[in-house]
Amino acid sequence: GAVVSQHPSRVICKSGTSVKIECRSLDFQATTMFWYRQFPKKSLMLMATSNEGSKATYEQGVEKDKFLINHASLTLSTLTVTSAHPEDSSFYICSARGTTLENIQYFGAGTRLSVL
Amino acid sequence: GIQVEQSPPDLILQEGANSTLRCNFSDSVNNLQWFHQNPWGQLINLFYIPSGTKQNGRLSATTVATERYSLLYISSSQTTDSGVYFCAVGVSGSRLTFGEGTQLTVNP
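Protein sequences appear in the order of chains A and B.
Take the first sequence: its position 105, counting from 1, is numbered 105 in the working numbering, and each next residue is one higher.
Take the second sequence: its position 16, counting from 1, is numbered 132 in the working numbering, and each next residue is one higher.
By construction, these hints were calculated from the structure, which means they are not laboratory data.
Values in this document were obtained by computation on a predicted structure and should not be read as measured data.
Do not rely on the hints blindly, as some may be mistaken.
What the hints assert, rightly or not - Now the in silico label distances, taken between C-beta atoms and shown as ranges:
1) B:E131 x A:T31: 25 to 33 Å
2) B:S123 x A:K55: 35 to 43 Å
3) B:R138 x A:K42: 18 to 26 Å
4) B:V207 x A:E52: 15 to 23 Å
5) B:A181 x A:L116: 29 to 37 Å
6) A:E59 x B:N161: 19 to 27 Å
7) B:S123 x A:Q60: 43 to 51 Å
8) B:V207 x A:G53: 22 to 30 Å
9) B:R174 x A:K14: 40 to 48 Å
10) B:N140 x A:L68: 33 to 41 Å
11) B:V207 x A:S114: 30 to 38 Å
A virtual CB, placed ideally from N, CA and C, is assigned to each residue, including glycine.
Could you build the full structure based on these sequences and the hints that come with them?
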């Protein structure tokens with residue numbers, strides 16, 4: 001149980017285009033989902049926290065107009081990188097936390113974004 | 117915010133050796149998770165261990181919450197254990213803060 005699916009696993013796009021990344025909890029309801037960014041050989045940095053049906057909470061320094069997050073249902077959150085530029089190239093990882101008493105976060109497999 | 121320090125940053129072992137990875141944190145937490153990030157980037161949950169001791173096969177973990185540290189033990193290491201091990205901590209209902217990780221290389 002507790003599987004999180006993230007799609008696509010890899011995307012290459014041209015500068016100026018927008019890219020949407022999906023994060024789905026397959027076998028549990030996720031009241032809260034998280035989006036992280038990871039640079040090569042670095043740790044994970046939290047970008048934003050999204051709760052189903054409400055606006056996402058962004059970490060300091062993360063542009064909310066650049067990284068649009070939607071959490072429309074208890075099993076799906078999306079991250080849209082708008083007008084992508086080469087500096088947005090990175091590894092993006094989502095996680096989901098269920099409704100049980102434990103606060104375990106389960107992670108997707110990540111999306112490697114390359115902006116040309 | 118909470119500070120998380122992991123040690124050592126890098127560790128190279130021969131297959132079959134045992135190792136201990138450490139995670140220190142700066143404040144009281146009630147969420148602590150250990151992950152293994154494989155070469156493809158997937159984070160694999162190893163333990164949810166805000167306190168106490170757990171074992172799963174060759175892996176075990178101990179968290180001493182009052183002293184603000186956690187240990188991950190790997191016994192009889194295998195080449196497939198290679199990768200980055202992350203410790204992440206948090207307070208109930210809030211974000212996880214990740215350490216910088218330990219890069220483990222197990223040579224045949």
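Comparing the hints with the structure gives:
The given range of 25 to 33 Å is broken by B:E131 and A:T31, whose C-beta atoms sit roughly 42 Å from each other. For the pair B:S123 and A:K55, the beta carbons lie near 38 Å from each other, so the given range of 35 to 43 Å is met. Between B:R138 and A:K42 the beta carbons are some 20 Å apart, a value that agrees with the proposed interval 18 to 26 Å. In this structure, B:V207 and A:E52 meet the distance hint of 15 to 23 Å, their C-beta atoms being roughly 21 Å apart.
With their beta carbons about 47 Å apart, B:A181 and A:L116 fall outside the hinted range of 29 to 37 Å. A hinted range of 19 to 27 Å holds for the C-beta pair A:E59 and B:N161, which are about 23 Å apart. Checked against the hint of 43 to 51 Å, the pair B:S123 and A:Q60 fails, with Cβ atoms roughly 27 Å apart. For the hinted restraint 22 to 30 Å between B:V207 and A:G53, the CB-CB distance of approximately 23 Å keeps it satisfied.
Checked against the hint of 40 to 48 Å, the C-beta distance between B:R174 and A:K14 comes to roughly 46 Å, which is consistent with it. Hint check: B:N140 to A:L68, Cβ distance near 36 Å, so the stated range 33 to 41 Å holds. Hint check: B:V207 to A:S114, Cβ distance near 35 Å, so the stated range 30 to 38 Å holds.
In this structure, the earlier hints numbered 1, 5, 7 are contradicted, and the remaining ones agree with it.
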